[in-house]
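Participant: What follows is each chain in one-letter form.
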Amino acid sequence: MNELAGPTEKDGTMLYLDGVSVSFDGFKALNNLSIIVKPAEMLAIIGPNGAGKTTMMDIITGKTRPDDGEVYFDGRTDLTKLDEAAIANLGIGRKFQKPTVFESHTVWDNLELALKKPRSVFAALSYIAANDDVARIDAILETIRLAGRKGELASGLSHGQKQWLEIGMLLAQDPKLLLVDEPVAGMTDAETVETAKLLKEIAATRSVIVVEHDMSFVRELGTRVSCLAEGSVLAEGTLEQVSANPVVIERYLGR
Amino acid sequence: MITQLVFRALDRKAVWLIAALLLFAAAVPILNLLVPHGSPLHLPNYLVPLFGKYLTYAILALALDLVWGYCGILSLGHAAFFSLGGYAMGMYLMRQIGARGVYGNPVLPDFMVFLQYKQLPWFWLGFDHWWFAFIMVLLVPGLLAFIFGWLAFRSRVTGVYLSIITQAMTYALMLAFFRNDLGFGGNNGLTDYKDILGFNVQAQTTRAALFAISAIALALAVLVCSAIVNSKLGKVMVAIRDAESRTRFLGWRPENVKLFAFVVSALIAGVAGALFVPQVGIINPGEFAPENSIEAVIWVAVGGRGTIVGPIIGALLVNAGKTLFTGALPDYWLFALGGLFVFVTLFMPKGVVGLFAAARGGSRLSNGKAASAAAAMGETPPSSSAKPEPAE
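So the protein sequences, as listed, match chains P and C. Quick note: the first sequence uses my numbering, first residue 1, plus one each step. Quick note: the second sequence uses my numbering, first residue 256, plus one each step.
If we strip away everything but chain C, and leave its shape as in the complex, we get:
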């Protein structure tokens, strides 16, 4: 079954995309580490984690597109899954600091010593093992998505109502994580990491490796998402997006299909968050902010929802734009972002990918029409002579 799914996932577009990502995974570390300083091809050190961060955003955008673009669930709370994955990774990285913290406590992270914790809270246990932390990266966002989705989809909460409660979910988590006594470092979050799997987080080689892993993770996410959307389940998802009650009368259960998509999406978002944290060096409650989830929606809209490549392009373009724009006019970025969203909604409903398809599809559309006209003339069904096309 798995091989069949993988085979079906690899349509021509997915193969090209995955190949490009793997090339990228190799090229950036080579240009940064092997090409000597001073060469025009040398990639400066600061760009490696920056590009890596963009890639984790692209993974988040793809996750969001799976539920929004394909299944019609406009989640305004996907940053919650991203951040929870990030916190799970952050907890692992905190435990790796050991006695090298400011207070030199071998077990307790600095903020706990500062807040006069006597021992490690129970929910921090196990995070000194990388495998435990990596399971939690998937389990925590997945479980939250499962419980949330089970309740919401079963009660047939759809449309803006669903969007609003996803927003409320991430907002509630943000407020909770801001509290010092929750045990996750309050508004400072988790930071000052030293090692990941025994390698120095700050080292250029580690950063290059993290970049490559992010690119490979994005390629895997592409594989998973295209396996799903190319299957019959993917067709059911699109059917639910376009006419949910019709799907129900055909005997499908939209609540189960949506729950599946939502949980898979949350798992992917959690992985994105986990890769984001070591490259950025901090996770704090600000990552749960509703604006972050909305920004992710804009990436997907700009790139083109309901496509695999669209959200990736959107996330990379908008974030590159953000980096350049905030460098020049930092105060006006949110206006630019809002304006971009309005512009895309009004004039580019299918996003950047839609523009390419329209530019290329001109010739293909006329071919298609000619073909169907030929088919109609060639193999006219016996009764269709009595069944003229209605004049429009």
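Just chain P, with the same shape it has in the complex:
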């Protein structure tokens, strides 16, 4: 509809959602949602349960198709036309709410599977870890503080360590945009502080969207905040601005 304005609006954005709506059996999970994330920018998304946070991630990663609206990556790629694997290979990584690592693989193998490498059947069959790959995985293991446990099965990790391993898998994918769903759920306070530090480091070079309920964690991130409710953006700004917003207090924080 806006052929003239459209391209200029999308230019210079990493993620561009405009007027996205989707409904399941008549329930509007997303209602005219518009969000923009710029390169190397972090956006924290808060909001009550059922606000559409996970549905938004499903749409960006190709799991769900929107009924309406535009979803563009890097200002030019229409994500609504692609499937999950294609979107992942474009450079969008996703961390799930419930940590999902490959439990019967070692920590090392989990990272090796995530490492940005050709994903075809025959490339995988003939893959031999190059020195660079080993160095990269070692570096990630240092970052996520799991270097001492690289040979252990992922099923033996604590909940917090699984969350970290999954963040490490995201890093190994070398994405341009990271979608992180409740990264500190089930973490201790100390782990939460460390995670905030890690995500801020990551956001220095990549775009990050963090969905989180934990307000102290969001404060720790110190970044732009969007509050979602009933499938659209209720308020946007710094955490102070958003949490001072009377509508947000009534619909989310107050309850």
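These are computed hints drawn from the structure, not numbers from a lab. You can take every hint at face value.
So the derived list for chain P, only partly shown, Cβ under 8 Å to chain C, looks like this:
1) ALA85
2) ALA88
3) ARG94
4) ALA114
5) LEU125
6) TYR127
The list that follows gives simulated cross-link-like pairs (lysine-lysine, BS3-like), each with its CA atoms no further than 30 Å apart:
7) LYS268/C with LYS150/P
8) LYS98/P with LYS117/P
9) LYS98/P with LYS38/P
10) LYS449/C with LYS577/C
11) LYS605/C with LYS487/C
12) LYS10/P with LYS116/P
13) LYS487/C with LYS63/P
14) LYS98/P with LYS81/P
15) LYS38/P with LYS117/P
16) LYS487/C with LYS98/P
17) LYS150/P with LYS200/P
18) LYS605/C with LYS98/P
19) LYS150/P with LYS197/P
20) LYS81/P with LYS28/P
21) LYS81/P with LYS116/P
22) LYS10/P with LYS63/P
23) LYS117/P with LYS197/P
24) LYS117/P with LYS487/C
25) LYS176/P with LYS487/C
26) LYS63/P with LYS28/P
27) LYS200/P with LYS10/P
28) LYS150/P with LYS487/C
29) LYS38/P with LYS28/P
30) LYS150/P with LYS605/C
31) LYS176/P with LYS200/P
32) LYS116/P with LYS487/C
33) LYS176/P with LYS63/P
Ideal Cβ positions, reconstructed from N, Cα and C, are used throughout, including at glycine.
Starting from the known structure of chain P, fit chain C onto it as the hints suggest.
Facilitator: Relative to the frame of chain P, chain C by itself:
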């Protein structure tokens, strides 16, 4: 690339297994042909094709384990690939009979003369050449698996739904092959073979050779399967088995990985069927029966899925048990088999191999724990003092 794959395939377990199979390939013919009759070490003639049959079942079990144990595809139709490989071999063996059939027709097999065929159907052409038949042994099961898998995996059919349609596939093939006018001998199937590659099928030396070839084929299947599961592709297969959608979000395409595994598995199953037929002396539509596919699943479960040696042990144990049991109490075998499956599922989820690993792993596990505790104390990462383990 091939040498790298072979090198990686040969981990310690695979080397032992292959060595054992090659030893077996030599020992059975020697004990049967060279050790004189009357010696306690002499292997009776009837046991050679029986053991050979067990080995072809072991190849089928290994093929099934590649898709089920490693990639999470529970195929209840693997007998279809086995039987198609068997029919391709059977057609070759029929053409070798020549004019020695009951009706003495130099071109048409007996059943075609009986059904008043005037000429050989087009799909029988070429089967008088061994090389053509051997290509078909691979091509026909492989092509069926490719088409079936391409449609099923692309549509994201998984779990019990996939199992049911694999079952339907083999059942449909069974009904088709039972029809006389399909041109494969109807319910009698293909039998009364004379020669294979110019050697008498009934001769004891041929049977010993077929046994040895079966053992070598199983060793090759072990090599192929362990090359695949030891590669990064094998890790992707296990990842798909455990968390398919997570694999997708990492950028892998589970449908392609599954299709590869399924086709390789069908090729191996086809070879198993082709080796089965000359040793048993017949192939008929009963081999497509759903029960056969389910029995193969039980072999894998009993031996231990997700391991290379497990399905082989399972196939040998269950079939040896079947031979002994059906000799004593033929009517109760299916009850015993069903009971075995329930028992293994409930009490031995990792099969016989799992029992060994558990018995041996006791000491190894405590070693591992001690090592990781030492590592944690020795090289504590700088931040981990602020990151205590959550109390559980």
